[in-house]
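Q: Place chain B on chain A using the hints.
The residues making up each chain are set out below.
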Amino acid sequence: MTKTYPKASRPSLDNVSVSIEKGEFVFFIGPSGSGKSTIIKMLLHEVAPNKGRVVVNGKDVTSMRSWKRPHFRRSIGCVFQDFRLLPNRTAYENVAFALEVIGKTKAVARRVVPEVLELVGLGGKEHRYPHELSGGEQQRVAVARAFVNRPLILLADEPTGNLDPDTSIEIMRLLDRINRTGTTVVMVTHDSNIVNQMRRRVVEIESGRIVRDQARGVYG
Amino acid sequence: MRVKYVLSEVLVGLWRNVTMSIAMIITMAVSLTMLGASGLMYRQVDDMKDLYYKNIEVSIFLSQEVSEQQRTDLDAKLKSDPLVKEVLYVNKDEAYKRFKEMYQDAPDLVNAVKPDQLPESFRLKLNNPEQYKNIYDQYKETEGVDEIVDQSRLLDKIFNILTSIQNIALAAAIVMAVAALLLVANTIQVAAYSKRREVAVMKLVGASNWFIQAPFVLEAVVAGLIGSLLGLVALVAAKYLLFDGSLSALQGLLSPITWGDILFIFPLMAGVGGLVSAGTAWITLRFYLRV
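Taken in order, these protein sequences are the chains called A and B.
Each step along the first sequence adds one to the number in the working numbering, with nothing skipped, and position 209 is 209.
Each step along the second sequence adds one to the number in the working numbering, with nothing skipped, and position 202 is 202.
Rather than coming from a laboratory, the hints here were simulated on the basis of the structure.
Predicted model only: the values in this text are computed from it and were never measured.
The calculated DSSO-like cross-link candidates involving lysine-lysine, where the alpha carbons are at most 27 Å apart (straight line), are:
| # | chain 1 | residue 1 | chain 2 | residue 2 |
| --- | --- | --- | --- | --- |
| 1 | B | K114 | B | K97 |
| 2 | A | K68 | B | K4 |
| 3 | A | K22 | A | K68 |
| 4 | B | K203 | A | K41 |
| 5 | B | K203 | A | K59 |
| 6 | A | K22 | B | K203 |
| 7 | B | K79 | B | K97 |
With beta-carbon atoms standing in for the labels, derived distance ranges:
| # | chain 1 | residue 1 | chain 2 | residue 2 | range |
| --- | --- | --- | --- | --- | --- |
| 8 | B | P256 | A | K68 | 55 to 65 Å |
| 9 | A | K106 | B | D46 | 50 to 60 Å |
| 10 | A | K68 | B | W15 | 33 to 43 Å |
| 11 | B | N186 | A | R10 | 38 to 48 Å |
| 12 | B | R196 | A | K106 | 23 to 33 Å |
| 13 | B | R196 | A | T2 | 23 to 33 Å |
| 14 | A | K59 | B | R286 | 20 to 30 Å |
Positions of the beta carbon are idealized from the N, C-alpha and C atoms, including for glycine.
Looking at chain A on its own, in the form it has when it is part of the complex (with noise of 0.2 Å):
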């Protein structure tokens, strides 16, 4: 597929042709502005490519209504750099809005949002708010709430980018636990440590192209 964004120079990603599995764990590894944001994107039906397909679980999405994109989303969890919690809301409150918004009862929350608090470790700090909690607290109740609805697939989008290398370890721990429940891990990142110590499937993106897809691959 391709997608280039009005007003760019060159496309931001140029005939990439890109199949993941499913219950695979995949880095997309690159410099910034290399497109592999865009990848992400598109996954998440927010921009269609100019040319080409995008097929998400089965489904091709690339000229999917916007109206079914929300319970699209649904099937889909979604890890940021930036954490994205809602700073009022506890970290129960925040796992369990997510589930409220989309038509869960309390009682459904009462009954999933501890369960998976205690997935992610943070069993005991429920009611604590974001701002005490440390960096990797605060992406693991991200990791949470993106996985509390039972996706298909995560995507990470930079998630260890704020976090220092121990806390990221632990947070990678903590998505590879998720990737062996069967979730598709996607994730974006140029941490090169994580990956040398990961030894996942690699895809290294340069310019809009693919430069590199490797099974077990390394930073490089």
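A: Using the frame of chain A, we list chain B on its own:
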């Protein structure tokens, strides 16, 4: 739970920017009051037209020197005229009696006029009041006729005035409505900005569009409905203080505004208030939320 969530968001939204909410509600109330008033006047003018035109008369005043023969001829001619429904002859004494009645509050004027000075006349009721012109053309040259006066011309003037008052009220309603619209748009922008984090998360996790938009739209609708309620209060107060109060002397002239009329106009005000705010909010959200 979702309904409860949306409702509590609406209240929080109105409270978050309470001064703006008040401004929005007041402008809407004024606009809707004007709208309601002009709607009431519309009905009022219709009622009055019915009432007045039904009783309208054309008066043919006879000159002082009219002869017996001329009077009888005219009488016969009028009675056989297909345009005329009823003919009533008013002689000088009768005219004086009416005059005295009409000006009973001004005895000086009554004393100054003698029965002899008042003209005799034929009072006609027409089958169709609008055919006055034909009567006028037909009889103005007849011997012994001094003047033909049509009340409907006077009424037309009155109704023209009433119609222009009504139009002014409507114009004021529209101008205020524009101000109200801008305030709604602004309030919704502020609300969308202050909730941008929540909205971003909601979009991310796949909350449906209506669920994201509903609190904002309902916030505007609630403001619109409160505005229309205030408008209703204003109209009730206007009836109570103006029509039943200081203008009650005119009661014989103006057809009365009933409580029923006001209750009838309220759904219109509430409907316009609610729908216009909802529409404005929705369009604003399309720009500021891009959901």
